[in-house]
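Asker: As given, the protein sequences belong to chains A and B, one line each in that order. In this text, residue positions in the first sequence follow the UniProt record's numbering: the first is 1, and each later residue adds one. In this text, residue positions in the second sequence follow the UniProt record's numbering: the first is 1, and each later residue adds one.
Since the hints were derived computationally from the structure, they do not count as laboratory data. Be careful, since some hints might not be right.
Negatives, chain A to chain B, calculated, CB over 12 Å [as the list claims (entries may be wrong)]:
hint : residue
1    : Y59
2    : P68
3    : S83
4    : N95
5    : A109
6    : E110
7    : P166
8    : T174
9    : L175
10   : V176
11   : R192
12   : S195
13   : Y198
14   : L227
15   : C255
16   : V262
Think about it this way: if two alpha-carbon atoms lie no more than 20 Å apart in a straight line, the pair counts; the simulated PhoX-like pairs of lysine-lysine are [to be verified]:
hint : chain 1 : residue 1 : chain 2 : residue 2
17   : B       : K92       : A       : K151
18   : B       : K92       : A       : K92
19   : B       : K151      : A       : K92
Cβ atoms here follow ideal geometry from the backbone N, Cα and C, with glycine treated the same way.
Protein chains: 2
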Amino acid sequence: MVWVIQRPSALSTAEACDDDSGRGGRRCLLGRLGTRRSLLSFGTVGLVRLIVARCQVDYAGRLTAHLPLATRLILAKADGSVSIHADDRAYKPLNWMNPPCALTVSTAAEDSGFTEVWEIRNRDGDTLLISIAEVLHDSSHELGVDPGLVKDGVEAHLQVLLAEHPETFGAGWTLVQREYFTAIGPVDLLFRDESGGYVAVEVKRRGEIDGVEQLTRYLTLMNADPLLSPVRGVFAAQLIKPQAKTLASTRDITCVTVDYDVLRGLDDPADRLF
Amino acid sequence: MVWVIQRPSALSTAEACDDDSGRGGRRCLLGRLGTRRSLLSFGTVGLVRLIVARCQVDYAGRLTAHLPLATRLILAKADGSVSIHADDRAYKPLNWMNPPCALTVSTAAEDSGFTEVWEIRNRDGDTLLISIAEVLHDSSHELGVDPGLVKDGVEAHLQVLLAEHPETFGAGWTLVQREYFTAIGPVDLLFRDESGGYVAVEVKRRGEIDGVEQLTRYLTLMNADPLLSPVRGVFAAQLIKPQAKTLASTRDITCVTVDYDVLRGLDDPADRLF
DNA sequence: TGCTGCATATCGTAC
DNA sequence: GTACGATGTGCAGCA
């Protein structure tokens, strides 16, 4: 018997039931392996399924990867995605399949030592095969829609602050445009310096060699434009790696280390001490 | 009362106990929030703790980030790492703290609406604050040491195959050296072409603009060496992006699209059909 | 849909 | 420890 499950947009919330021991315990939304309910709990909007199982995993896609039989944590989320975790590393799963993807569950061959095989497949034909030998825990939980993450201090914010404070680079500087468009992409900031010359500024949180390359491409293009040329380059970042500094100096690009907290302080008069 | 817990290398396996309902149910390794045992389950070798809770999260480190109060999944692993998940996305947690890090648990202020606050801190002083309003599920599980991942088909393999098959690039080509060392790093492959001229080859799985920049830096350096100059450049990848092709052509770099399966077939006589 | 560029990128490795 | 490149990078924004 084979079930094919995709995210069922029309499916309503799953019913509440007891845990897999079947003998009381906490109430949560879940189901047993191999039942129709267990399959529906995959890909159902609002449910996260937590499984601890002895399993073997095989991935075939951009590379092939194999996880020998061992006890691992399997996360099956409401969007249909699946990840397999060991007991270390916060960020990266051992194996995973990103949404959108579809799950197929089939019973394993009798003498294989496995009870079920789950095949997760994405649109590119990448497959994740989870062969389950023994389930040690299985529960599902309703989380609801997450209100989302509020961030502050990323490159975009740094760029805005620098646009508002040209004096960071020098007295008499004026902003021409933020995200100044060129044929090969937008330059983060375009200024005129105290003598009226154009300066292209590339903003990074961390200044590395790639950023210098990027700015160099922009400068080459802009200096080919008689209306702009000559254009100087400034590489601005909170921290600039030595290799990036060296490369920049060979290309007459000025490096400017910017202090995010100071900029934010300038931005908010209430934070000023003088 | 505040407990500070770090990975206790000398600590033996935790004791088994019933789940947090205290009234039977499955046996697993876990503990209640706010007790000494629950704290020990963090950072204890071999245990993964799964918590579903209404919580609010604040991260302060390389940036600041805030998660409003909502129900989420908290994973606390044996290495002390912690991650917070919503019900979507296989790969990336909403928030996380990588090991090595230390956890401090304190009881929340009475009128705050929270029961406990967990502060996870790493060596750089980055902090992850989890304010817990209500625990809906809490269980811990012993996974044991994972035997690890076996991979095949990455760039290194592609490079080996190309080194073994210079005819991929042209008749009469011979390999000079794999990982040919230069002052700014190793060139993937160095060949002599049919007329004896040197050719530097940069190998990528996916050919993008950065790879062309990388090869350009190598070529500039090698062409400054009278013993090597002139050195041509070839950019070899399974797939080359249009922008990378365009940039390569402006620098007289030849693009070669290679077929991994064909190369592997050449490598294994058993797979040949003729 | 495809392409570009950022990321609390993470992670391995060479120096 | 730092620097650098690879990653099944993931992910968002935009044309």
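Asker: Give a verdict on every hint.
Answerer: Verification of the supplied hints:
no.	hint	result
1	Y59	9 Å, violated
2	P68	5 Å, violated
3	S83	4 Å, violated
4	N95	8 Å, violated
5	A109	23 Å, holds
6	E110	25 Å, holds
7	P166	24 Å, holds
8	T174	29 Å, holds
9	L175	24 Å, holds
10	V176	26 Å, holds
11	R192	29 Å, holds
12	S195	32 Å, holds
13	Y198	23 Å, holds
14	L227	22 Å, holds
15	C255	19 Å, holds
16	V262	16 Å, holds
17	B/K92 / A/K151	15 Å, holds
18	B/K92 / A/K92	7 Å, holds
19	B/K151 / A/K92	16 Å, holds
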